[in-house]
Amino acid sequence: SILFNNEWSNNNIIKEYTPLMFKIRSNLLFDRKDIVRQDINNLLNSLAPKPHDNEKDYKIILFLECILKIFRVYCNDYGGKDINDSMKISNILDNELLNAYVWKYAGYISNIKPIDKINLLSKAEKIFDNNNIKDQAVYCRNNILVNQFYTDKVNAWEFKELQKTAGYAIPGLVGMSYLYNNAGVSLLYTGEPEEAITYFERGLPYT
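Under the numbering used here, think of the first position of the sequence shown as 1, with each following residue one higher.
Derived by calculation from the structure, the hints in this document are not laboratory data. A portion of the hints provided could be inaccurate.
Okay, derived cross-link-like pairs now, SDA-like style, lysine to any residue, Cα gap no bigger than 20 Å in a straight line [what the hints assert, rightly or not]:
hint	residue 1	residue 2
1	Lys88	Gln148
2	Lys123	Ile109
3	Lys23	Asn143
4	Lys23	Leu93
5	Lys88	Tyr58
6	Lys126	Ser110
7	Lys123	Gln148
8	Lys59	Arg32
9	Lys23	Leu44
10	Lys88	Leu62
11	Lys164	Thr190
12	Lys134	Lys160
13	Lys164	Asp116
14	Lys88	Ile67
15	Lys113	Leu93
16	Lys88	Lys134
So the derived label-pair ranges between C-beta atoms look like this [to be verified]:
hint	residue 1	residue 2	range
17	Ala48	Glu96	25 to 31 Å
18	Leu204	Phe63	34 to 40 Å
19	Leu29	Ile197	27 to 33 Å
All residues carry an ideal CB built from backbone N, CA and C; glycine is no exception.
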């Protein structure tokens, strides 16, 4: 009754597929990739031949397929055909939030230029911010900052500020340990190993 309003509860496609997608999403929040990898494959296989009676159902199926392929990108740490398919589907559906969720994984697009990757991540961050989805906005900002590690200029202050902001704005953020660890790495790059150790130690309770 909380997750499904009357409109969705009367749609057979939503009723059939969404509960398992919630389960998959919950496991992925805690990095349980091996547990749900086969569930994702099975769900995608069952979606493919699904007949659709109208345009609305067709769009729902496309939407579910896009999200599941993004889930699989995250599970496999590899973009390949899945990230390309997700980009195509999100372009077809032209849904702002769906675009943002796909762009969040811009780093998995093959042969993408660093500036293009950062642009997509920045657009996704802005969309999440505008829709008050703060955790996803933080993940996008983190992925933008991590690109500094592949350049000759690392700004440790930006990493520390992101961790501090996330800590205040999103208590209990899943993945906070990554923010602490990235702040620690940035401090190593800037020649501050002692402060880096404090960030690594702070991140341990969140892993």
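Among all the numbered hints in the text so far, which are the ones the structure does not match? 1, 3, 4, 6, 8, 13, 15 and 16
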